[in-house]
Each structure stands twice: as C-alpha cells, then as structure tokens.
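Participant: Whenever a hint applies, use it, and build me the whole structure from the sequences.
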Amino acid sequence: MPQSLTKNYVHIIFSTKNRMPFMQPGIQKRLYDYIKGMSVKFECPILRINGTEDHIHILVDLSRKMPLMTYVQKVKANSSGWIKEEFGRAYDNFYWQKGYGAFSVDSRHMSDLIDYIDKQDEHHLKYDFQTEYRMILEEFEVEYDEEYVWD
Numbered sequence: 000m001p002q003s004l005t006k007n008y009v010h011i012i013f014s015t016k017n018r019m020p021f022m023q024p025g026i027q028k029r030l031y032d033y034i035k036g037m038s039v040k041f042e043c044p045i046l047r048i049n050g051t052e053d054h055i056h057i058l059v060d061l062s063r064k065m066p067l068m069t070y071v072q073k074v075k076a077n078s079s080g081w082i083k084e085e086f087g088r089a090y091d092n093f094y095w096q097k098g099y100g101a102f103s104v105d106s107r108h109m110s111d112l113i114d115y116i117d118k119q120d121e122h123h124l125k126y127d128f129q130t131e132y133r134m135i136l137e138e139f140e141v142e143y144d145e146e147y148v149w150d
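No gaps in the numbering here: position 118 of the sequence shown is 117 in numbering that gives the first Met the number 0, and each next residue is one more.
The set of hints was computed from the structure by calculation and includes no laboratory data.
Among these hints, one or two may not hold up.
[Stated by the list, open to error] With a cut-off of at most 30 Å between alpha-carbon atoms, the simulated DSSO-like pairs for lysine-lysine come out as follows:
id, residue 1, residue 2
1, K97, K6
2, K6, K118
3, K28, K125
4, K35, K6
5, K97, K40
6, K118, K83
7, K118, K97
8, K73, K35
9, K118, K75
10, K83, K6
11, K40, K16
12, K28, K64
13, K28, K73
14, K118, K16
15, K40, K64
16, K6, K75
17, K125, K35
18, K75, K28
19, K6, K40
20, K97, K83
21, K83, K64
22, K16, K97
23, K6, K64
24, K73, K16
25, K75, K40
26, K83, K28
27, K64, K35
28, K6, K73
29, K73, K83
30, K83, K40
31, K118, K73
Facilitator: Right, here's the structure in full:
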C-alpha cells in the first residue's frame, strides 16, 4: 500500500498540578483556542475541548506522524508556558500534572463523547474530577494504583 491512512480518535484528560483551580472561565476559551491552534500545526485536529477549573478533556484526531506521548508533552509544555506569559505573575505557579489519561474512541461513540465533553460544567455538579476519572478508568478497565494516580 503506497499511502498511510489513519483515523486515531483519542480522548485525553489531564489536570492542573494538585488540581489547583487555575483555569477560570475567562481563561478557558483563550487556552482552548491556543491548544486548538497548536494542534493544527501538529496535524492533530481537535474535535472537542472543554474542562473545568482544574482539568481538561481533549478529543483529538491524532496524526499518524505524532506519537501520543509527544503530542501530550507538547500540548502541556507549550500551553503552560503560554499561560504564564499571557496571564503574568498570578500564574507563575501554574503547572499541569505529570501524567495523563488517554483512551481510544470508536467513531460510533463520537457523538456521546462530544456531548459528555461539552457538558463538563453540568457533569461536575454531581462528580468531582477524581470521581469522574475513576469512573473512566473503570469503564476502560484500566488497572491503576490509587497511591500514584493523583501524584
């Protein structure tokens, strides 16, 4: 086959370090637009992005040229630097957590996931981030050690 063709939908989740509520509503849209622009440069179009003050959900079509780990590292490093530069001293201590969750998405379930990502504020009236993340890990049957998943 002379051509490499892929469709890798990935749901990526990560939080601010220690789940600090840094991403206030006035910052979120600008941050999401920045991450979308960066992702276009990586040839990884974002289908949905949303979150709350302490975490973010990204639904991305991962490029065949970009390993997942590299994509997440670039998004986190570049956006963290951008936040500090854009919002000044109040964000000197802004960092993303070290780890992340990434889950493959079947195209048949895209509309449900998009709806879920869009309704983060509503969803988090019922569940905090840690409860939500545990539910996702259990849904995808990911084994984890509670001692290390939040550090």
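Participant: Assess, step by step, whether the Cα of K75 is no farther than 30 Å from the Cα of K28, and give holds or violated.
Facilitator: 16 Å, holds
Participant: Given the hinted pair K28 and K73, is their alpha-carbon gap at most 30 Å?
Facilitator: Distance ~19 Å between K28 and K73 Cα, so the pair holds.
Participant: Just to be careful, I want the Cα atoms of K35 and K6 compared with a cutoff of 30 Å; is the pair within it?
Facilitator: Since the Cα atoms of K35 and K6 sit roughly 18 Å apart, the hinted pair holds (cutoff 30 Å).
Participant: For K6 and K64, compute the direct alpha-carbon distance and say whether it is at most 30 Å.
Facilitator: With a Cα-Cα distance of about 12 Å, the restraint between K6 and K64 holds, given a limit of 30 Å.
Participant: Would the hint linking K83 and K40 be met if the CA-CA limit is 30 Å?
Facilitator: Cα-Cα ~21 Å, so holds.
Participant: If you draw a straight line from the CA of K73 to the CA of K16, is it 30 Å or shorter?
Facilitator: 17 Å, holds
Participant: Checking one constraint from the list: CA of K6 to CA of K73, max 30 Å. Satisfied?
Facilitator: This hinted pair holds, its Cα atoms lying about 20 Å apart.
Participant: Is K118 within 30 Å of K97, Cα to Cα?
Facilitator: Measuring from Cα to Cα gives roughly 25 Å; hence the hint holds.
Participant: Tell me if the straight-line CA distance from K118 to K75 falls inside 30 Å.
Facilitator: 23 Å, holds
Participant: Is K97 within 30 Å of K40, Cα to Cα?
Facilitator: Satisfied, since the Cα-Cα distance of roughly 23 Å is no more than 30 Å.
Participant: Just to be careful, I want the Cα atoms of K73 and K83 compared with a cutoff of 30 Å; is the pair within it?
Facilitator: Holds, at about 15 Å.
Participant: Please work out if K73 and K35 have their alpha carbons no farther apart than 30 Å.
Facilitator: 12 Å, holds
In the structure shown, a violation is registered for the earlier hint numbered 10 alone.
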